[in-house]
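*Asks:* Sequence:
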Amino acid sequence: MRTPVVMTLGMVFAPCGLLFNLTSTLAPGWRLLKGFLDQPVDVELYQGLWDMCREQSSRERECGQRDEWGYFEAQPVLVARALMVTSLAVTVLGLLLASLGVRCWQDAPSFVLAGLSGVVLFVAGLLSLIPVSWYNHFLGDRNVLPAPASPVTVQVSYSLVLGYLGSCLLLLGGFSLALSFAPWCEERCRRRRKVPSAGPRRSSVSTIRVEWPEPELTPAIKYYSDGRHQPPPAQHRKPKPRVGFPMPRPPPKAYTNSVDVLAGEGWEAAQCQDAPSCSAHTCDSTLPCDSDL
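For the sequence shown, the numbering used here begins at 40 and goes up steadily by one.
No lab work stands behind these hints, which were simulated from the structure alone.
Warning: the hint list may mix true and false statements.
[Stated by the list, open to error] Simulated DEER-style distance windows between Cβ atoms:
hint, residue 1, residue 2, range
1, 223, 118, 14 to 22 Å
2, 106, 225, 26 to 34 Å
3, 41, 192, 51 to 59 Å
4, 65, 225, 40 to 48 Å
Don't be surprised by glycine CBs; every beta carbon is placed ideally from N, CA and C.
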């Protein structure tokens, strides 16, 4: 499995932030003083958290200068010492957790450890950003951070800039690693959806349960067996409602025939009786008998 991009960015930003903060904490370059009256024009005094260095363009730097104004006893300097050291220790702890969580040499990283290391590194960035910002706020205040009176000028030096960069990189690296919690949270939510609840779910006050009557369906499969349509049983038939009102019907008519169909048969029988030679089967109403001829 490839290492996610957020873990890669975190593992790049966090060591860079640690390096910048370490340089900012140890280097004597938080504040720069220029323009001393009793010294050459090119003399510069660098003030840090632990040491002061005097530098001249024509000579080498001389550190371990004496604190004549009580600079090291100022509250921003004491707070910066404590918070910067704490930030370095927390950063080391965060990087240790990140190396165990990312585990580039394994198939799958540990998203929980990687996310936890991101939170730790983010806190380390805040711990270093607070003293740097506070020191920068009182940089020109000679009452809070003692310095010689004017015309000596006070400027920002390189260590303060490195402190800002290191804090921002730790914040970005910690935030990037903290995004590793997203796959872990997604997997946990998926498992909760799959596992059924232990007991019946309690209905809230706003829940309304409506039970609709199920329609009565007529089983139609067995009425079409053998390819023939068979009507459903009588119990499933519903009578159709009659619409309108009944119309009066006339009584049935009887038809009579006034012609007597037996009248001709009686005449023919009389003719046959008068002629004895005529038999019943040879006598016809349309032909004369032999006696007539």
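*Asks:* Among all the numbered hints in the text so far, which are the ones the structure does not match?
*Replies:* 1 and 2
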